[in-house]
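> The residues making up each chain are set out below.
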Amino acid sequence: MKEIDARGLSCPEPLMLTAEALKNTKGPVRVLVTEPHQKMNVEKLAKDRGKKYTSTEIPDGFAVVIE
Amino acid sequence: MNLSDSKKKLAAAGVVCGLVAVCLAYFGNPANMAFCIACFIRDTAGALGLHSTETVQYARPEIIGLVLGSFIISVAAKEYRSTAGSSPAVRFILGMILAIGSLVFLGCPLRMIIRMSAGDLNAWVALIGFVLGVGTGVFALKKGFSLGRAHLTNRVSGGVLPALMLGILALAAATPLLKSSSGGPGSMHAPLLLALAGGLIFGVFAQKSRMCLAGGIRDAILMKNFDLLTIIGGFFAVMLIYNIVSGNFIPAFDTPGVIAHSEHLWNILGMYAVGFAAVLAGGCPLRQLILAGQGSSDSAVTVTGMFIGAALAHNFGLAASGTAMDAQTQKVVEGAVPFYGKIAVLICIAVCFIIAFTNKRTEGK
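Residue numbers (this note's numbering), protein chains in the order written: chain A, 1 to 67; chain B, 68 to 432.
Because the hints were derived from the structure by calculation, they are not lab data. It should be emphasised that the depicted structure is a prediction, and the values quoted were computed from it without experimental measurement. Among the hints, a few may not be true.
Some chain B residues near chain A, calculated using beta-carbon distances under 7 Å [as the list claims (entries may be wrong)]: (1) Lys74; (2) Val142; (3) Glu146; (4) Ser149; (5) Lys210; (6) Gly211; (7) His218; (8) Ala237.
Derived DEER-like restraints, expressed as beta-carbon distance ranges [what the hints assert, rightly or not]: (9) Glu3(A) to Lys74(B): 29 to 39 Å; (10) Ile58(A) to Phe420(B): 33 to 43 Å; (11) Phe293(B) to Lys52(A): 46 to 56 Å; (12) Thr25(A) to Lys74(B): 26 to 36 Å; (13) Ser254(B) to Arg30(A): 31 to 41 Å; (14) Ile195(B) to Val65(A): 40 to 50 Å; (15) Lys23(A) to Leu332(B): 32 to 42 Å; (16) Thr220(B) to Thr25(A): 28 to 38 Å; (17) Ala143(B) to Arg30(A): 46 to 56 Å; (18) Lys291(B) to Lys26(A): 49 to 59 Å.
Pairs of lysine to aspartate or glutamate residues, derived as DMTMM-like cross-links and limited to a Cα-Cα distance of at most 20 Å, are as follows [what the hints assert, rightly or not]: (19) Lys209(B) to Glu20(A); (20) Lys210(B) to Glu43(A); (21) Lys291(B) to Glu43(A); (22) Lys44(A) to Asp5(A).
Note that the Cβ used here is the ideal one computed from N, Cα and C, for glycine as well.
Whenever a hint applies, use it, and build me the whole structure from the sequences.
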């Protein structure tokens with residue numbers, strides 16, 4: 001599974017990296033972010049692209065797996 | 068409370084923030100400076116004695132309220148994260164640029180919207196520069212610009228700026244130590260408690276909605292996402308209605324009572340620097356205060372840079388003057404950007420380009 005570690009990056013870098021990964025990867029993508037609003041942004045991007053996602057809290061942020 | 072999951076909620080957040088600004092303007096804040104981050108940081112810097120321009124010295128409770136409102140709601144909603152370490156010194160410089168560019172235009176992006184809603188055509192001209200500045204920042208982002216990662220740090224670190232703001236509030240409320248203007252814009256203000264409450268409410272809604280003037284345009288250009296622009300739309304609509312109803316909507320350059328100037332090139336370049344620097348810093352001056360409130364020490368450093376930039380803008384005579392009636396001669400004296408203010412803006416833009424194209428993302432892919 002492709003993993004994007006966007007923890008600690010400023011907006012809109014987590015979204016840009018996620019969008020790029022979704023464009024270039026066929027399988028699922030796991031995105032790691034630090035801030036709650038970044039998690040929401042990544043979830044919204046997945047939703048806008050018609051993809052399913054699941055989010056979990058990790059020790060230093062959140063992991064969003066986009067199918 | 069999640070405000071960012073529908074456009075209606077986002078627009079409503081903008082409307083609430085607009086109503087706060089209207090209230091503060093009605094109860095004493097300067098005309099069309101109802102809620103200006105750069106002007107209010109400049110006034111607060113003056114109150115602390117960081118500059119000595121006597122007409123713009125007052126510890127603005129709105130700034131304190133914004134940071135504390137964001138701090139309180141982020142702690143309550145478990146969104147508080149104490150982070151630091153993403154090129155803090157560069158962010159300090161970007162903070163200085165945000166303040167200097169704003170004071171050459173005479174207002175932060177938020178005040179630009181407020182001035183636009185009053186029909187001030189100078190602000191509409193400045194919008195061109197702001198959009199171009201944001202666009203240049205987006206170009207840098209696409210080329211791989213990044214200030215690097217922030218890391219989770221000791222929880223206390225993120226609370227330092229809110230604590231300092233509380234300290235300024237205590238000094239303002241209980242001691243005669245802070246300077247306070249007896250004339251000029253600094254002497255015009257809503258009552259302390261009202262202004263503080265306004266700042267707190269604004270801070271809460273700005274934190275929950277992620278309101279950001281630069282982010283709105285950035286997301287529209289970069290991702291065709293109009294969420295953040297929706298908030299600004301709500302804010303603008305309220306201010307526009309207020310100005311029309313109160314007879315303050317006058318579409319013109321040099322609108323009487325609006326602190327502004329008509330040096331178009333420098334309105335454009337001033338806001339170009341602000342838009343560019345705001346994208347590089349990850350948010351406009353308002354957003355920096357909100358991020359600092361929710362625990363970002365990097366944004367706290369940017370805010371500190373804004374305080375120093377605002378102080379230097381007045382100590383070195385970089386800030387523009389607004390068109391105003393001379394009380395003695397009863398003649399209109401046109402506002403202007405001083406020579407060194409123009410040089411400073413050009414340096415600010417050059418520094419933005421250096422920062423934008425020398426800080427590349429090396430990881431994260």
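> Would you mind marking each hint as holding or not holding in the structure?
Verification of the hints:
At about 12 Å, the closest approach between the beta carbon of Lys74(B) and any beta carbon in chain A exceeds 7 Å, and the interface hint on this residue is violated. Taking 7 Å as the C-beta contact cut-off toward chain A, the hint placing Val142(B) at the interface is violated, the least distance being around 13 Å. Of the supplied interface hints, the one on Glu146(B) holds, with its beta-carbon coming within about 5 Å of a beta-carbon of chain A, less than 7 Å. The restraint placing Ser149(B) at the interface with chain A is violated, with a minimum CB-CB distance near 11 Å, outside the 7 Å limit.
A cut of 7 Å between beta carbons decides the hint on Lys210(B): the least distance to chain A is about 11 Å, and the hint is violated. Residue-level restraint check for Gly211(B) is violated (minimum Cβ-Cβ distance to chain A is 10 Å; threshold 7 Å). Residue-level restraint check for His218(B) holds (minimum Cβ-Cβ distance to chain A is 6 Å; threshold 7 Å). A hinted interface residue such as Ala237(B) counts as satisfied when its beta carbon comes closer than 7 Å to some beta carbon of chain A; here the least separation is about 30 Å, so the hint is violated.
In this structure, Glu3(A) and Lys74(B) meet the distance hint of 29 to 39 Å, their C-beta atoms being roughly 32 Å apart. Taken as a hint, the range 33 to 43 Å holds for the pair Ile58(A) and Phe420(B), whose Cβ atoms sit roughly 37 Å apart. Separation of Phe293(B) from Lys52(A) is about 24 Å and departs from the stated range, judged on CB atoms against 46 to 56 Å. Evaluation of the 26 to 36 Å hint for Thr25(A) and Lys74(B) yields a pass: the beta carbon distance comes to about 29 Å.
At roughly 56 Å, the beta-carbon separation of Ser254(B) and Arg30(A) lies outside the given 31 to 41 Å, and the hint is violated. The hinted window of 40 to 50 Å between Ile195(B) and Val65(A) holds, with their beta carbons roughly 42 Å apart. Our hint of 32 to 42 Å for Lys23(A) and Leu332(B) holds, since their Cβ atoms are close to 40 Å apart. Against the hinted window of 28 to 38 Å, the Cβ-Cβ separation of Thr220(B) and Thr25(A) comes to about 32 Å, which satisfies the hint.
The supplied range of 46 to 56 Å is broken by Ala143(B) and Arg30(A), whose beta-carbon atoms lie about 30 Å from each other. A hinted range of 49 to 59 Å is violated for the C-beta pair Lys291(B) and Lys26(A), which are about 24 Å apart. A distance of roughly 11 Å separates the Cα atoms of Lys209(B) and Glu20(A); the hinted pair therefore holds under the 20 Å criterion. Our distance criterion of 20 Å between C-alpha atoms is broken by Lys210(B) and Glu43(A), whose separation comes to about 25 Å.
A hinted pair counts as satisfied when its Cα atoms are at most 20 Å apart, and Lys291(B) with Glu43(A) qualifies at roughly 16 Å. At most 20 Å may separate the alpha-carbon atoms for a hinted pair to count; Lys44(A) and Asp5(A) meet this at roughly 18 Å.
The structure fails to meet hints 1, 2, 4, 5, 6, 8, 11, 13, 17, 18 and 20 from the earlier list, while all remaining hints are met.
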